[in-house]
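Given next are the chains, with one letter for each unit.
Number of protein chains: 2
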Amino acid sequence: MNTPRKSLRTQIGKGNVFAELCPSREVLKHVTSRWGVLVLVALIDDTHRFSDLRRKIGGVSEKMLSQTLQWLESDGFVLRQAFPVVPPHVEYSLTPMGREVAEHVEKLADWIEDNIASILEARVQLAEAELARLN
Amino acid sequence: MNTPRKSLRTQIGKGNVFAELCPSREVLKHVTSRWGVLVLVALIDDTHRFSDLRRKIGGVSEKMLSQTLQWLESDGFVLRQAFPVVPPHVEYSLTPMGREVAEHVEKLADWIEDNIASILEARVQLAEAELARLN
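Here the protein sequences line up with chains A and B, keeping their order. Residue numbering for the first sequence follows our numbering, starting at 164 and increasing by one per position. Residue numbering for the second sequence follows our numbering, starting at 164 and increasing by one per position.
These are computed hints drawn from the structure, not numbers from a lab. Where hints are given, some of them may not hold.
In this list, chains with the same sequence are indistinguishable; a pair is considered to hold if it fits within one copy or across any two.
What the hints assert, rightly or not - Derived pair list, reagent style DSS-like, types lysine-lysine, alpha-carbon separation capped at 25 Å:
hint, residue 1, residue 2
1, K192, K219
2, K226, K192
3, K177, K226
4, K177, K270
Quick caveat: nothing in here was measured; it's all calculated off a predicted structure.
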């Protein structure tokens with residue numbers, strides 16, 4: 164049963180995000196999408212229901228959250244579990260592969276949160292330099 | 164001269180990417196934008212001219228590359244140096260802060276390149292499971 168798996172890995176080898184048609188480019192797009200980043204980081208801590216995620220991620224619409232979860236599910240990063248109850252109960256969690264990618268994304272988001280003051284300072288300085296150049 | 168810098172840092176503290184209006188959200192958007200990721204990774208190795216970057220990053224348009232470089236410059240990640248020669252010669256490189264953020268982005272892109280075969284396998288398996296469920 165593992166034959167197609169092995170042959171796929173052998174055929175594909177390593178991706179190249181600089182190549183326009185490499186599928187790694189599309190996965191990178193999903194993972195780094197506006198809401199993809201936040202969904203992955205939100206799921207590191209815990210399994211969440213759709214409504215929890217929507218509450219946690221400021222500004223996301225139902226449509227965009229749903230689209231993002233579908234992308235991440237199809238890439239094998241998010242597991243969607245629907246429980247056959249009324250009203251419907253659906254839970255989202257990270258797969259082991261999803262956890263790995265989410266941890267990289269979280270480090271990036273943490274770095275930005277930690278350095279936001281320096282980044283805003285850089286903007287002020289750049290704007291001042293531009294003003295000085297014009298005067 | 165350092166007074167505004169200190170006070171800005173004290174006022175802002177740490178960002179929160181989950182908050183819709185936090186400026187860290189915008190920086191995250193620039194860094195994880197379709198072309199932002201690739202520009203940052205491309206500049207880790209070396210300073211590049213605009214035309215070099217365009218050649219290296221498959222599929223980027225002149226307009227989008229220019230917009231992306233402006234975002235990254237305004238966040239203090241990319242340094243733009245214009246040399247007063249004919250024809251104009253402009254070089255882009257990472258600032259020390261840009262190098263830090265680029266290294267996080269590179270780790271994420273590397274992980275995706277290394278795992279693209281498993282990701283595509285996950286897609287095949289999900290599609291097969293979906294087919295089986297429908298039959």
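Return the numbers of the hints above that this structure violates; sort them in rising order.
3
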